[in-house]
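Following the hints, position chain B against chain A.
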Amino acid sequence: MKKSETPLLDQMRQLTGAPVGEPNTARDPVNQAMIRHWCDAVDDRNPVYTDPEFAEKSVHGGIVAPPTMLQAWTMPGLMSREEREARAPRGPSVLRLLDEAGFTSVVATNCTQAYKRYLRPGDLLTVSHSIEAVSDEKKTALGVGHFVTQLTCYRDQNGEEVATMRFRLLKFRPTERSAGAERRGAPKRSRPVPSINHDNRFFWDGVQAGRLLIQRCFCGKLRHPPGPMCPVCRSLEWEAAEACGRGTVYSYVVAHHPPIPPFEYPNLIVLVELEEGVRIVSNLVDIEPEEVEIGMAVRARFDEVEPDRILLQFERAKG
Amino acid sequence: MREPTRTTTLRYHQVAIGDELSDLTLPITATVIVSGAIASRDYQDVHHDRDLAVERGSEDIFMNILTSNGYVGRFVTDWAGPEALIQRVDIRLGAPNYPGDTMVMTGRVKEKSDGIITVELVGKNGLGNHVTGTVDLRLPQ
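Going down the list, the sequences are from chains A and B. When you line the first sequence up against this note's numbering, it's residues 6 to 324, in that order. When you line the second sequence up against this note's numbering, it's residues 43 to 183, in that order.
Rather than coming from a laboratory, the hints here were simulated on the basis of the structure. None of the values given here were measured: they were computed from a predicted structure. Be a bit skeptical, because a hint or two may be false.
BS3-like cross-link-like pairs, simulated, lysine-lysine; straight-line CA separation at most 27 Å [what the hints assert, rightly or not]:
#, chain 1, residue 1, chain 2, residue 2
1, A, 144, B, 166
2, B, 166, B, 152
3, B, 152, A, 121
4, B, 166, B, 154
5, A, 121, A, 62
6, B, 166, A, 62
Here are a few chain B residues that sit away from chain A, every Cβ distance over 12 Å (derived from the structure) [stated by the list, open to error]:
#, residue
7, 60
8, 61
9, 99
10, 119
If you want a taste of the chain B side facing chain A, the calculated C-beta under 7 Å gives, among others [what the hints assert, rightly or not]:
#, residue
11, 85
12, 151
13, 152
C-beta: ideal position from N, C-alpha, C; glycine also.
With the rest of the complex left out, here is chain B:
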């Protein structure tokens, strides 16, 4: 089993509005895209078959939305810890993640109320913003 990123969890009082999350730099490879698609049972050819993806007008295979959601979830709990409870993920989709690109995820705490913090995040690649959005997390008191 891979070593956990962290085993302790931030407490609500330890987090302040404006706190920045630890960046996540993700080199996008065909393996990243294909393994994410198959792990999410998404067999659409544009996520694993380069020739068909190109035929359909795309530059290459590209990451599916379920995988992007997966990275958003990982990004926030890598920072907040394993017992932070994800309540809501609200994302806007933008530039596709193609192999050979790199996505850098950054985020900051935007709001805080009643035990829940709202994190604002961006995942940016060479073409622009792949994903922007917010995640609500419930932190232990």
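Next comes chain A alone, as it looks inside the complex:
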């Protein structure tokens, strides 16, 4: 896939700006019945859309359609899968190239509509599409992909442009994680999955076994979070030392905003100074935020927060 990356971009960029498919004329002119359905659905009570008397005296001089209803006028309506496929534009297209290159998943990210005038009953729209831009390959939370900007132009019965829409989507190759998380029945995560590497594996293995392990350099210096090199003597040699789990609250913060899934809020985050002298960031549990005090004695505990996922947390030390 890497090898064809640049030719793919070249191919896609040759297609930008060119029309995609034939212009398509709306099945029905702008009409009061569809406007009314729309206003009922989103409970939009703006009288310029549905009250002829009010609309007459308004700045519009008569009924107008809600601008954000733009796309509805040229939607194809209910079609079978076969009909939809038969209508799909032929020939090379940016989206097809991306599909063929393995970027098979799609998610809409942005929609920008600009309106030149309000539409009135009787206006008959024709819509034409093109690809305006394709991004370089990007790494995103969902997977590696390309952002594609589609430009849609809406013209009236006189050929005048009345509105444009820019629709940005991400065509991506799903990562195993995003594919799995979207699958039905996947258990809800309560914490992000730890990113385990060569340097910190001992720590997470320890947690899984209910032990709090700290790196100790051969010079005797303890350190946390895990890293490859001793900050004092620069040795790469180290061993794992088990901490007793007792410590004190060195500092803490109660996070309220912005909420970041999958954490629960308010989120009580503590910096614990362990008896051994190193500090570690964790959650403090079974306590109200207002009860926390700097210097209070705490102790480690290991909770199974999800099936087979043990997490180090701290609680108030008893006695």
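What follows is chain B alone, placed relative to chain A:
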């Protein structure tokens, strides 16, 4: 006919940068999602057929983008009045609106120039931000 939310329109000089819009709290139901999809002639099954939506990897049916746009339009004119002219809607799409959730829309006036105000808005549900963006409105002088 339902009573209009308001019949008068804010004038340009009555609006200041930083003014907050009236919040809109929208309980998301299957009816809200399906009626929005059908009113926008969007018959994609993920917007009306729960079984197929789940089969395709979704938790449930979810609101289509056209309907989200519709609520954005309504949110700004419910506040500004019927003769505020929507010039531009620029939204970023995020967490889906599933039945059983609630979306709360909030907004404030971000910019003001030449008779046009720019409103910055967020529609937030239990999963995060469903929609964030800006709307340009032309207000009567």
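Per the CB criterion, is residue 152 of chain B less than 7 Å away from chain A? This interface hint is violated because 16 Å lies over the 7 Å limit.
Minimum beta-carbon distance criterion (7 Å), residue 151 of chain B to chain A: Nearest chain A Cβ about 19 Å off; hint violated.
May I ask you to check that residue 60 of chain B keeps its beta-carbon over 12 Å from the closest beta-carbon of chain A? 19 Å, holds
Are residue 166 of chain B and residue 154 of chain B close enough, with their CA atoms no more than 27 Å apart? Satisfied, since the Cα-Cα distance of roughly 25 Å is no more than 27 Å.
Quick check on residue 85 of chain B please, does its C-beta sit within 7 Å of some C-beta on chain A? 4 Å, holds
Non-interface label on residue 61 of chain B, tested against every C-beta of chain A at 12 Å: Nearest chain A Cβ is 20 Å from residue 61 of chain B, so the label holds.
Keeping to a limit of 27 Å between CA atoms, is the pair of residue 121 of chain A and residue 62 of chain A held or broken? Measuring from Cα to Cα gives roughly 21 Å; hence the hint holds.
Straight-line alpha-carbon gap residue 166 of chain B to residue 152 of chain B, limit 27 Å: 19 Å, holds
Given the hinted pair residue 144 of chain A and residue 166 of chain B, is their alpha-carbon gap at most 27 Å? 26 Å, holds
Status of the stated non-contact between residue 119 of chain B and chain A (beta carbon gap over 12 Å): Check fails; 5 Å does not lie beyond 12 Å.
Against chain A, does residue 99 of chain B keep a CB gap of more than 12 Å to every residue? 4 Å, violated
Regarding the pair residue 152 of chain B and residue 121 of chain A, is the alpha-carbon distance no greater than 27 Å? 22 Å, holds
The structure does not agree with the numbered hints 6, 9, 10, 12 and 13 stated previously, though it agrees with the rest.
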